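Colleague: Line by line, the protein sequences give chains A and B.
Numbers in this note's numbering are just positions in the first sequence, counted from 1, shifted up by 27.
Numbers in this note's numbering are just positions in the second sequence, counted from 1, shifted up by 242.
Honestly, the hints are just simulated from the structure, not real lab data.
Check before you lean on any hint, since a few could be wrong.
Claimed, not checked - Derived coverage of chain B by chain A (criterion: at least 3 residues anywhere in the stretch with Cβ under 8 Å from a Cβ of chain A; other residues may be distant):
#, region
1, 249–260
2, 359–371
3, 439–453
Said to hold, decoys possible - Below, in silico cross-link-like pairs of lysine-lysine (DSBU-like), each with a Cα-Cα straight-line distance of 35 Å or less:
#, chain 1, residue 1, chain 2, residue 2
4, B, 332, B, 398
5, B, 332, A, 149
6, A, 150, B, 510
7, A, 149, B, 398
Because the structure is a prediction, the values reported are computed rather than measured.
Glycine included, every Cβ here is placed at the ideal spot set by N, Cα and C.
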Amino acid sequence: MRYVKISKENTYKFLEHLKATGALYAPQKISDRFYDFCAISDVHDVEFEYDRTIRPPRRFFHLPDEKMFNFDMTRHELTPVKTQAEHIILFGVHSCDIVGLRIMDAEFLDEQKDSYYETRRKKGIIIGLSCLPDEYCFCNVRRIEFVDAGFDLFFHELPDGFLVRVGTVTGHKLVDPHPELFEEVSADDTKNMELFEEKRSSMFSIYGNWDNLRYFLELRMDHPMYDRESEICLGCGNCTLTCPTCRCYDVKDLPAINQVNGERVRFWDSCQFRSHGLVAGDHNFRATKKDRFFNRYHCKNAYCPETTTSYCVGCGRCTYFCPAEINFKRNLMEIAGYRGAV
Amino acid sequence: MLITKDNIYDTHKCRLLRKYELTEHESLFLFRFEDPEVAQNWRYLPGQFVELSMLGYGEVPISICSSARRMGFFELCIRNAGRVTDRIHKLQPGDIVGIRGPYGNGFPVDQFHGRDLLCVAAGLGMAPLRSVFLYAIDNRWLFGNITIINTARYGKELLFQKELEAMKDIATAENIAIIQSTTRDPDWPGLKGRATEHMDKANVDPKNCAVAMCGPPAMYRGMFNYLVDAGYDPRYIFVTLERRMKCGVGKCGHCNIGTATSWKYACKDGPVFDYYAIISIPGLI
Numbered sequence: 028m029r030y031v032k033i034s035k036e037n038t039y040k041f042l043e044h045l046k047a048t049g050a051l052y053a054p055q056k057i058s059d060r061f062y063d064f065c066a067i068s069d070v071h072d073v074e075f076e077y078d079r080t081i082r083p084p085r086r087f088f089h090l091p092d093e094k095m096f097n098f099d100m101t102r103h104e105l106t107p108v109k110t111q112a113e114h115i116i117l118f119g120v121h122s123c124d125i126v127g128l129r130i131m132d133a134e135f136l137d138e139q140k141d142s143y144y145e146t147r148r149k150k151g152i153i154i155g156l157s158c159l160p161d162e163y164c165f166c167n168v169r170r171i172e173f174v175d176a177g178f179d180l181f182f183h184e185l186p187d188g189f190l191v192r193v194g195t196v197t198g199h200k201l202v203d204p205h206p207e208l209f210e211e212v213s214a215d216d217t218k219n220m221e222l223f224e225e226k227r228s229s230m231f232s233i234y235g236n237w238d239n240l241r242y243f244l245e246l247r248m249d250h251p252m253y254d255r256e257s258e259i260c261l262g263c264g265n266c267t268l269t270c271p272t273c274r275c276y277d278v279k280d281l282p283a284i285n286q287v288n289g290e291r292v293r294f295w296d297s298c299q300f301r302s303h304g305l306v307a308g309d310h311n312f313r314a315t316k317k318d319r320f321f322n323r324y325h326c327k328n329a330y331c332p333e334t335t336t337s338y339c340v341g342c343g344r345c346t347y348f349c350p351a352e353i354n355f356k357r358n359l360m361e362i363a364g365y366r367g368a369v
Numbered sequence: 243m244l245i246t247k248d249n250i251y252d253t254h255k256c257r258l259l260r261k262y263e264l265t266e267h268e269s270l271f272l273f274r275f276e277d278p279e280v281a282q283n284w285r286y287l288p289g290q291f292v293e294l295s296m297l298g299y300g301e302v303p304i305s306i307c308s309s310a311r312r313m314g315f316f317e318l319c320i321r322n323a324g325r326v327t328d329r330i331h332k333l334q335p336g337d338i339v340g341i342r343g344p345y346g347n348g349f350p351v352d353q354f355h356g357r358d359l360l361c362v363a364a365g366l367g368m369a370p371l372r373s374v375f376l377y378a379i380d381n382r383w384l385f386g387n388i389t390i391i392n393t394a395r396y397g398k399e400l401l402f403q404k405e406l407e408a409m410k411d412i413a414t415a416e417n418i419a420i421i422q423s424t425t426r427d428p429d430w431p432g433l434k435g436r437a438t439e440h441m442d443k444a445n446v447d448p449k450n451c452a453v454a455m456c457g458p459p460a461m462y463r464g465m466f467n468y469l470v471d472a473g474y475d476p477r478y479i480f481v482t483l484e485r486r487m488k489c490g491v492g493k494c495g496h497c498n499i500g501t502a503t504s505w506k507y508a509c510k511d512g513p514v515f516d517y518y519a520i521i522s523i524p525g526l527i
């Protein structure tokens, strides 16, 4: 892998260059507590030390709602909507969200490629950024705290700038035209990266490896946690909407008022909604709130072969943004008997 | 064989050729592809399903219930149960619908070759199993003895009852046992009781028999107990499941089944599962 260094000051210049090549999105503070990936007009608004964005980066590639087809009911024509994708540069993506995007890729770019997702994803540039965990983070036990794929560039914080890992040819092409901004990595820089990693590792509230979690989940399927916590759950779906790997969607036909034309649209769905498992004849495959609660705990802890991780990347969003303050991490630790600070 | 366009959610136009009322709520629809190239190359396995698109109403997953041998044509047995299927039931011969698929794994009929075949259907379960049964009849030389058990609550709900009845004469000469039974119908003149109660009439050898079943979970549980006790080889016991298969391609998430170590999409990993999948994945039946 190629490594270069960039000073903090030059980083702003680099962001200016990025802005010129496509739509630049980066974390910004949007309220007292919350951050989001926002379109950047002034590069000095970019927030380098943010905890987590309320909306995960998947929304840039799998749109919250999307027109898939136009149709004509009299001529029986279904016409695909051509995806108009602009070049998107996502700066400041944490490792959990990078793995989240790789999980999205695994699902949407398998042998049955979703062309809407694919068109946008191909035009997306991912620039990672190192971070320090808070009490909600548990990416380390998910083996996700340090990524080695899924980014074009990855910025590691140093006291005087960033050590940049160049992950792809696209990454090289971003760095190469600007030799004046980058310098060689020195032994001191590497030492500083080591110290940062050491500091980061020491800040997690729990340690170990949760690969055996899914087995405990199955061996304790009748655990009282499900009853207790699903009782508190509001069924609002915040956990799935903020999740970087949730991808359920529903499709609807919207006929126009002339009863001739119309649109086939898709939009994000949530397994926490009653309608998710509802079929004709009023049968529901996940009829109770507990069924739906249970469903999410198992879905998120299933194994994704493409990333060799669980579908949960340990970003902490589902707990941080839960209005009922249901603690996903604590509940999982309770089932598996893991020790550590909650 | 799946023939997809550049956009996997795009459909092929199909023309309704015939509509035939089977029961009060279910009708049989015969379709043909409009595009000759698709018509000549479209293949499917028994147990696979298609997504049927009614513009302005939406898409529904429907099991294919015809013989896989008749190229370019396929039949769907559809219950009028919801908004989309109600619209489908209003179709007239000559009308156009959109089809994509076939999806799902289907029954592994290759593994069935050289074996006896037992098909057990309850209610609407006869729809996908008709495809298996007709496949076996069309490839008669690949199978040993064949038994089909078709059950429903009431006689008027027995799907393909007349079709199976009409086959009975030739069936005996072909070593095919056709058993039709109702569970709650006092006026039904024929056999009564659940599938397990008629297993003594099956003409198959448990040790060398493939089993294909479709019906409600209670029927599966009863049949599993019976079949394992009777010495049927569990490796050749298959069931097909129904879930909300909205996209058919393992994307939309609505047909998710299973638990953390075995998380499956019914549309992609199923809808056909073998006995060992059923006993190791909680929640399948």
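Colleague: Determine for every hint whether it applies to the structure shown.
Modeller: Structure-based check of all given hints:
Coverage of the region 249–260 of chain B by chain A holds in this model, with 6 residues showing a Cβ closer than 8 Å to a Cβ of that chain against a need of three. Counting residues of the region 359–371 of chain B whose beta-carbon sits less than 8 Å from any beta-carbon of chain A gives 0, not enough to reach three: the coverage restraint is violated. Interface restraint, the region 439–453 of chain B with chain A: violated (0 residues with C-beta to C-beta distance below 8 Å; minimum three). Distance check on the hinted pair: residue 332/B and residue 398/B sit about 21 Å apart at the alpha-carbon level, within 35 Å; holds.
For the proposed pair residue 332/B and residue 149/A, the alpha carbon gap of about 43 Å is over 35 Å, so the pair is violated. For the proposed pair residue 150/A and residue 510/B, the alpha carbon gap of about 28 Å is at most 35 Å, so the pair holds. For the proposed pair residue 149/A and residue 398/B, the alpha carbon gap of about 55 Å is over 35 Å, so the pair is violated.
In this structure, the hints that do not hold are numbers 2, 3, 5, 7, in rising order.
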